[in-house]
Amino acid sequence: MKSLLKTAVAALLFSVPSFAQAVKEGSFNVKIQQEKQLDYLLYEPEDTKEEKPLIIFLHGSGERGNDLEKVKVHGPLKYLKDHKLDAYVLAPQCPSDQYWDSEVLYKLIQKVQKINNIDSSRIYLTGLSMGGWGAWNLAFSHPDMFAALVPIAGFVDRVPMIENCKIKDIPTRIFHGLLDDVVDVSYSMDIYKKLKTCSKDIELTIFDDANHDSWTRVYDNPEIYEWMLKQQKQ
10 MKSLLKTAVA
20 ALLFSVPSFA
30 QAVKEGSFNV
40 KIQQEKQLDY
50 LLYEPEDTKE
60 EKPLIIFLHG
70 SGERGNDLEK
80 VKVHGPLKYL
90 KDHKLDAYVL
100 APQCPSDQYW
110 DSEVLYKLIQ
120 KVQKINNIDS
130 SRIYLTGLSM
140 GGWGAWNLAF
150 SHPDMFAALV
160 PIAGFVDRVP
170 MIENCKIKDI
180 PTRIFHGLLD
190 DVVDVSYSMD
200 IYKKLKTCSK
210 DIELTIFDDA
220 NHDSWTRVYD
230 NPEIYEWMLK
240 QQKQ
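In terms of this note's numbering, the sequence shown opens at residue 10 and continues consecutively.
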């Protein structure tokens, strides 16, 4: 009986078809081209004979589109309606249904630098809400470009949370409203805690009585511009 069983098993093993498959080599080439457009406003200081600083302002999701008047509603361009700054202010407009693209912004800044008399050691980056998120991402993508960073009420992606010390040399002022029901204040608190371990100059301001709009009191106050314009890359 045992002999018959062994014979049956052996026959079964030898009769099972082989499922081993050949491993083939291959290669794939594709060229993908995308054309991106950003309209923008550029404020120029009164005296452009000497090199001047550049402030980049990234608006929130509500100002997207193709109407540049929207870009003047908040931030530095609103401030400039009644004040002056001895600096260039670049305010691009994100197209509708899109989000800030760090590489497109970087190329735009390079173009503006090339055609204007800008001090490359005094380029400052700020943004609110979606623009705060965009400012975080742009600063992490090109940390060597910026002399100061001011994100307001901005979401923070996972990569900046992990690579926090990548921007340790950029003086940073973070602002957020404690009552923010659009972008939770925990994002600013968490990135601040991570940056605090290595950053040379960082502060977090939380407005106890502010909801999502924690930017009006920041951008309407000359102190933030005075602070930015004092910063210079070494």
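FYI, nobody ran anything at the bench for these hints, they're computed from the structure. Be aware that one or more of the hints could be misleading.
[To be verified] Straight-line alpha carbon distances no greater than 20 Å define the calculated EDC-like cross-link-like pairs of lysine to aspartate or glutamate that follow:
#, residue 1, residue 2
1, LYS239, ASP128
2, LYS90, GLU232
3, LYS61, ASP106
4, LYS90, GLU235
5, LYS45, ASP106
6, LYS123, GLU235
Hint by hint, here is what the structure shows:
| no. | hint | verdict |
| --- | --- | --- |
| 1 | LYS239 / ASP128 | holds, 13 Å |
| 2 | LYS90 / GLU232 | holds, 17 Å |
| 3 | LYS61 / ASP106 | violated, 34 Å |
| 4 | LYS90 / GLU235 | holds, 17 Å |
| 5 | LYS45 / ASP106 | holds, 13 Å |
| 6 | LYS123 / GLU235 | violated, 25 Å |
Consistency note: the structure conflicts with the earlier hints numbered 3 and 6.
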